[in-house]
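Undergrad: Could you build the full structure based on these sequences and the hints that come with them?
As they're listed, the protein sequences go chains A and B.
All residue numbers for the first sequence refer to my numbering, where the first residue is 8 and numbers rise by one.
All residue numbers for the second sequence refer to my numbering, where the first residue is 8 and numbers rise by one.
None of these hints come from the bench; they were simulated from the model.
Where hints are given, some of them may not hold.
Put simply, identical chains are the same to the list, so a pair is met inside one copy or across any two.
What the hints assert, rightly or not - Distance condition first, Cα-Cα at most 25 Å in a straight line; then the derived SDA-like pairs of lysine to any residue:
(1) Lys85 with Asp189
(2) Lys199 with Gly100
(3) Lys281 with Thr149
(4) Lys103 with Arg214
(5) Lys200 with Leu99
(6) Lys31 with Asp147
(7) Lys200 with His104
(8) Lys200 with Glu98
Here is how the chains run, residue by residue.
There are 2 protein chains.
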Amino acid sequence: MGLKFIEAHKFDIDDFLDNSYFEKFLDTSSEWIEKRTGIFTRQFSNCGNDLMALDLAKKFKNPMQDLDLIICASFTSKRRMPSISSLVRDELGGNKHCLCLDINLACAGFAAGLIIAESYLDKGRRAYIFASEKISDYMDMTDRRTAILFGDGAGGVLVEKNDKLWETDIASFPHEDSLNLDENSFITMDGKKVYRFAVEEVSNSIRRLLNKNNLRGEDVDKLILHQANERIINQLIARLGINKNNSLQNLEKYGNTSAASIPLVIAENIDLFKDKEKVILSGFGAGLSLASILMEW
Amino acid sequence: MGLKFIEAHKFDIDDFLDNSYFEKFLDTSSEWIEKRTGIFTRQFSNCGNDLMALDLAKKFKNPMQDLDLIICASFTSKRRMPSISSLVRDELGGNKHCLCLDINLACAGFAAGLIIAESYLDKGRRAYIFASEKISDYMDMTDRRTAILFGDGAGGVLVEKNDKLWETDIASFPHEDSLNLDENSFITMDGKKVYRFAVEEVSNSIRRLLNKNNLRGEDVDKLILHQANERIINQLIARLGINKNNSLQNLEKYGNTSAASIPLVIAENIDLFKDKEKVILSGFGAGLSLASILMEW
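TA: Structure follows, in structure tokens:
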């Protein structure tokens with residue numbers, strides 16, 4: 008059993024900051040940032056991720072009143088009660104038997120949300136899965152290793168349980184202080200550890216999915232990787248033998264938006280997906296954790 | 008399909024504050040608190056809910072290396088990366104394909120975690136579901152309506168998917184500013200709204216579960232309600248016609264520990280449950296949300 012993607016949208020901030028912004032106060036250059044990360048612009052939100060989520064939810068045209076599940080994936084939520092998923096349900100006037108959950112598995116949170124939804128829903132039933140991240144609240148703007156990487160963003164999908172191909176792969180590894188965030192502090196990252204984990208373990212994960220289904224990299228019609236860093240994405244594409252044109256990306260525009268990166272990519276490209284295409288999604292990050300899905304569109 | 012409870016434990020703080028503590032700085036009295044809430048003592052933790060969770064996990068004697076799922080339910084987590092469930096997995100040296108999720112549905116979070124686990128696990132597979140709450144970080148000690156109600160706590164259960172009775176009921180209602188917590192602020196509560204919701208809707212929820220299975224209140228062998236307030240618990244027992252002796256409680260000792268209240272009750276009473284007993288669990292609170300389960304032990 009799998010999931011059909013009915014509709015996808017993104018929250019619009021409409022104010023993109025380019026890399027020259029950081030030249031004013033960091034010992035860095037636009038060229039260096041572009042070359043090292045693949046990021047050209049990012050957005051910083053003026054409102055909290057709860058208001059971003061409410062604005063996003065209003066964009067959906069399909070009726071949201073009959074959902075069985077609403078999941079908000081985020082590691083940056085400041086609203087603790089009611090949960091953001093509950094707020095969204097309240098706003099949508101949703102079905103009273105809808106389960107509302109806020110979940111956190113950092114950058115793998117949205118993919119994990121899809122996996123939970125697929126196991127929870129009965130056939131023909133629907134869920135709204137979204138991610139809303141205001142990472143700028145937790146960025147040390149004086150740390151040139153992290154300030155240039157992240158952006159705020161929110162995206163979501165309305166899905167329905169169907170019986171198409173759905174294969175998942177979850178994996179966790181020792182975190183070894185690779186990527187940390189405690190309250191009232193800033194994100195700290197050991198870039199080398201995260202890079203090594205992503206390149207090695209995400210390729211292993213996607214290979215497991217392909218092998219189980221007798222597929223090869225070249226059979227993948229659409230690849231949506233967590234938008235962490237261009238080097239990681241390029242390495243994964245090369246290792247897996249996936250056609251680079253089939254990798255949907257928006258890193259250059261939004262930077263790393265954690266759990267929001269995958270739904271943002273889906274929302275921007277929803278019209279490109281064709282019936283029966285083989286699609287791979289993979290979220291990865293702090294934990295260290297990854298969640299990958301092979302599905303038929 | 009349902010869940011078998013293999014093992015349950017609680018985190019020990021070992022320092023109980025009685026109601027006279029509040030007499031020193033609030034216009035209240037021990038007698039008033041006891042009479043209005045049923046709470047005699049509570050615990051306030053010196054460490055964060057992440058360290059509480061790690062300490063709790065170490066108490067389990069069954070091997071935790073082969074779990075498919077670890078869920079931490081909490082609305083008070085300050086650790087954002089890695090998630091607390093990931094930290095726990097790291098500590099346990101767990102199975103690398105274990106999905107680790109931190110979830111928030113306030114006081115209904117632990118029951119929601121069980122429901123997610125039951126849908127995610129294959130038969131014979133295991134999950135570790137726990138709740139860890141340090142509510143004292145978010146209590147306004149000058150507000151006599153809320154300061155006296157909450158306590159810190161953590162409890163968890165190791166469960167295995169079986170094929171016994173498992174019926175669930177989820178419901179959500181407009182929150183109407185009844186129970187709120189945003190970052191850097193304190194819990195605010197409209198006690199009347201929460202009371203009305205709990206008494207009306209939790210009894211409706213449990214009645215739906217009983218009716219679907221042709222059971223009556225007197226058939227319930229063990230009742231574990233979220234430990235919010237003695238008046239709510241007594242009202243629910245009376246409305247449902249459940250034998251008061253079958254309601255397992257610890258409100259008087261711990262106060263309201265949000266998501267942790269149900270696993271704390273289970274951990275303290277695990278030896279009392281007998282094979283084939285009909286057990287009802289119900290978590291309810293901010294959202295407004297509730298999650299109820301009817302299961303056979």
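Undergrad: Now, for every hint given, state plainly whether the structure supports it.
TA: Against the structure, the hints:
Within a single copy, Lys85 and Asp189 get their C-alpha atoms as close as 13 Å, and across copies as close as 6 Å, so both meet the 25 Å cut-off. In this assembly of identical chains, Lys199 and Gly100 lie within 25 Å of each other by CA distance solely across copies; the values are 23 Å between and 46 Å within a copy. Taking CA atoms no more than 25 Å apart as the test, Lys281 paired with Thr149 passes in neither setting, with 44 Å inside one copy and 59 Å between copies. In the homo-oligomer, the alpha carbons of Lys103 and Arg214 lie at most 25 Å apart only across protomers (16 Å), although the nearest pairing inside one protomer, at 41 Å, exceeds that limit.
Within a single copy, Lys200 and Leu99 get their C-alpha atoms only as close as 41 Å, which misses the 25 Å cut-off; across copies the closest is 21 Å, which meets it. In this assembly of identical chains, the alpha carbons of Lys31 and Asp147 lie at most 25 Å apart only when taken from the same copy (15 Å versus 41 Å across copies). Taking the closest pair of Cα atoms, Lys200 and His104 come within 25 Å of each other only across two copies (20 Å); inside a single copy the shortest separation is 43 Å, beyond that limit. In this assembly of identical chains, Lys200 and Glu98 lie within 25 Å of each other by CA distance solely across copies; the values are 19 Å between and 41 Å within a copy.
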